[in-house]
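**Student:** Listed below, chain by chain, are the residues.
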Amino acid sequence: MSAGAARTPPALRLYPYARSADQDADTPARHPVIVIGGGPVGLATALDLGRKGVPVLLLDENEGVGEGSRAICMAKRSLEIADRLGCAAPMIARGIVWNLGKVFHEDRKVYEFNLLPEDGHAFPAFINLQQPYLETYLVEAIRRAQAEGAPIEIRGGNRLTALAPDDTGATLTVATPDGDHTLRADWLIACDGASSPTRTMLGLDFEGRVFRDSFLIADVTMKADFPTERWFWFEPAHRAGASTLLHRQPDGVWRVDFQIGWDVDRDHELKPENVRRRLTAMLGPEIDYDIVWTSIYTFQCRRMRRFRHGRTIFAGDSAHQVSPFGARGANSGLQDADNLAWKLAMVLRGEAPEALLDSYDHERRQAADENIAASTRSTDFITPKSKVSHTFRNAVLALAGRHAFARPLVNSGRLSTPCTHDGSPLNTPDALPGGPARTRPGSPCPDATLEDGFLLPRLGDRFTLLALNIDPDSDLPCVALFAPPGSDLAARYLGAARQALYLVRPDQHVAARWPSHDPDAVAAALKRATGTPC
Amino acid sequence: MLILTPNLPDPDGFYEALIAAHDGLTEDESAALNARLILILANHIGDPDTLAEALKTAADPG
Chain A
1 MSAGAARTPP ALRLYPYARS ADQDADTPAR HPVIVIGGGP VGLATALDLG RKGVPVLLLD
61 ENEGVGEGSR AICMAKRSLE IADRLGCAAP MIARGIVWNL GKVFHEDRKV YEFNLLPEDG
121 HAFPAFINLQ QPYLETYLVE AIRRAQAEGA PIEIRGGNRL TALAPDDTGA TLTVATPDGD
181 HTLRADWLIA CDGASSPTRT MLGLDFEGRV FRDSFLIADV TMKADFPTER WFWFEPAHRA
241 GASTLLHRQP DGVWRVDFQI GWDVDRDHEL KPENVRRRLT AMLGPEIDYD IVWTSIYTFQ
301 CRRMRRFRHG RTIFAGDSAH QVSPFGARGA NSGLQDADNL AWKLAMVLRG EAPEALLDSY
361 DHERRQAADE NIAASTRSTD FITPKSKVSH TFRNAVLALA GRHAFARPLV NSGRLSTPCT
421 HDGSPLNTPD ALPGGPARTR PGSPCPDATL EDGFLLPRLG DRFTLLALNI DPDSDLPCVA
481 LFAPPGSDLA ARYLGAARQA LYLVRPDQHV AARWPSHDPD AVAAALKRAT GTPC
Chain B
1 MLILTPNLPD PDGFYEALIA AHDGLTEDES AALNARLILI LANHIGDPDT LAEALKTAAD
61 PG
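So the protein lines, in turn, are chains A and B. Note that the first sequence ends on residue 534 in our numbering; no numbers are left out. Note that the second sequence ends on residue 62 in our numbering; no numbers are left out.
It should be emphasised that the hints constitute simulated quantities derived from the structure, not laboratory data. Some clues are possibly wrong.
In silico BS3-like cross-links for lysine-lysine, where the CA-CA straight-line distance does not exceed 27 Å [to be verified]:
hint, chain 1, residue 1, chain 2, residue 2
1, A, K223, A, K271
2, A, K52, A, K527
3, A, K387, B, K56
4, A, K385, A, K102
5, A, K385, B, K56
6, A, K223, A, K102
Please model the entire structure based on the sequences and the hints provided.
**Tutor:** Below, the structure is given as C-alpha cells:
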C-alpha cells in the first residue's frame, strides 16, 4: 500500500543519526550483511540474524518508527515469530483481541460472526496493534539483543543512493547529513517497501494488477462506548464510502477505511472538514470524536519475478505487494524474514551452500502468489469491477442474511494464514502414515498445549527433532514428548499414527516426518532441508 | 458428474415456473434473481468438478 511520505516525529526517533567510523574510512568498510529499511521486515531480519550471531548493519533513511497506524492486524503466525524473536509479550499486552464481526449491506445488518478461534494456541488468531508499536518493540528487542552481544547495528539517517552489485556482494553509496560514503556488503537484504529504491536502482521488474480505487483511512478516538467488534459495510446507506470498515486499535483509537473511488483529489479529500463529513455521516451526528491520523492509499497486487538476485535479496513489500484486505502485507513480510534469516545465517557460517537461498525465493514466491490470489479475490468482492460481478456480489449479500450457505461467500478480507510450502525442494516426502494433513512436510508447525506451557517455544530456532511417544537417540536437539490420546498435540501431530518423529526447521516449518527413528533418513532429510546435495 | 441427459420430470412445468418468476421484474431485478438462483443451485450441487463442468458447458454459446 502506498501512503503519503512518512516523517519521523521527534518523539519516535529511536535511532537518531550518529556519525560512524565507516564514514571516515580510507577504504569502504565491509559488512557481511546490510539490511536496507527499518520497517517491521527489516528490523525482524536484522534481529533474527543478529540473534544467530551474524553481524548485520541496518540502514534506514528515517531515524525511527514511521508515523500513522498503517499495518494494524498482526496474525497469529506473526506473534509466534515475534515470540521466537523475544518481542511478543508487549504486543500481546497492548494489542486488541476481537472475535465478533458484523457485516452490513446498505443500512441492513446481513449477519454477524464469531471467529471462535481454535483452542490450544499460545496466541490469538490475531491482534490489532498499530505498526509503530510493532516497530518500537522490535527496536527494543534489538537493543536487548545488542546488550547480550548480538552483533546488530542500526544507523538512522542513512539513505542508500546508489548500488553496484557484483558476484561477491554489492558496493553501496550511502547519503547522510554529513555527506556520502561508500560501503561494501557481502549480502544485501532490501526491505525498503513497496516503492523500493533498491529495486528501482537495479532496474528490476515489479508487475501485477492495478486496482483503480482509493481508500481514505481515518484513525479517530471516540468519546462513546463502542463495542470491540469489526464492522464492515457494503454500499453503506450513509454514502460516506462505497465500502467502509471500522476496526478497533489500542489506546481507544478506531480505524475507519472509506472506499472513495479512483479519481479523487487527495488534498481535497484529506482536508479535515471533508474527512469529518464522511465520519459524521457514518457514525451519526450524536457521536463525538477526534481525528488522530488520516491518509489516502491506493494499491496494486504484484510481485517481482524473482526475490533473489545474486547477493541482493528482497523481502516484504519490496518483493511483493497485496491489497490490504486480509492483512497480508506486514504479516507475509515477517514470514519472509522468518524464512530468510536462518538460511542466510547457515550460508554465512558455511553450514549450507548458497543454493539454500534459492529455496527462500521458491518458498516465498509461492507464499506471495497465495497472498496475492487471496487478496485479489477479496478486492474483487469488495469492489466489483463489472455490472455482473456487482450483481453476484449483492446476490450473495442478499442471501447471506437468511441462508447460512451464502455466508462463506461473503469476502471482506480473509485472515492471513501462513503458507504451507508444498513442493518445496527442502521437503522430504511425507513418510508418516495417518499423519494429519495440517502438519505435512512444508507446513508451519501449529502450536499445541503441553502440560507446562505451549509447544512452539520448545521447538526453538535450530533444526530440532520433535519426537512424540518415542525417544530417539540423536545428536540433533530433540524435544521428546508424550502425546496422550485426545490431546491437541496428538490431534495435530499424530492423527491416526501412534507415534511420530518430526524434523522441524529453524523457522518452525516441518521438513520431514516418520513413524520411527531412522538415523540415516534423518541425516538425509537434514541435508535436503539445508540445500546440501545428498 | 454433470447430468446432460433429460433429468427434469416436468420440463414444461419447470420452464413455465422459471419464466413466471421473472414476471414484472426490471432487467436489473431479473439479473439479481438469476444470480441468487445460480448461487442457491451451485450450493446445492456442491461438487467442484460438477460445477466446473457446468461452467464450461454454459460458457459455450452453442
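**Student:** State for each hint whether it applies.
**Tutor:** Checked hints:
This hinted pair checks out: K223 (chain A) and K271 (chain A) have alpha carbons roughly 22 Å apart, not beyond 27 Å. For the hint pairing K52 (chain A) with K527 (chain A), the CA-to-CA distance comes to about 20 Å; that is within 27 Å, so the pair holds. Simply put, K387 (chain A) and K56 (chain B) have alpha-carbon atoms about 21 Å apart, close enough for the 27 Å limit, and the pair holds. Between the alpha carbons of K385 (chain A) and K102 (chain A) the distance comes to roughly 24 Å, so the proposed pair stays at or under 27 Å and holds.
This hinted pair checks out: K385 (chain A) and K56 (chain B) have alpha carbons roughly 22 Å apart, not beyond 27 Å. Of the supplied pair hints, the one linking K223 (chain A) and K102 (chain A) holds, its CA atoms being roughly 21 Å apart against a limit of 27 Å.
Going down the numbered hints, you'll see the structure goes against none, and every one checks out.
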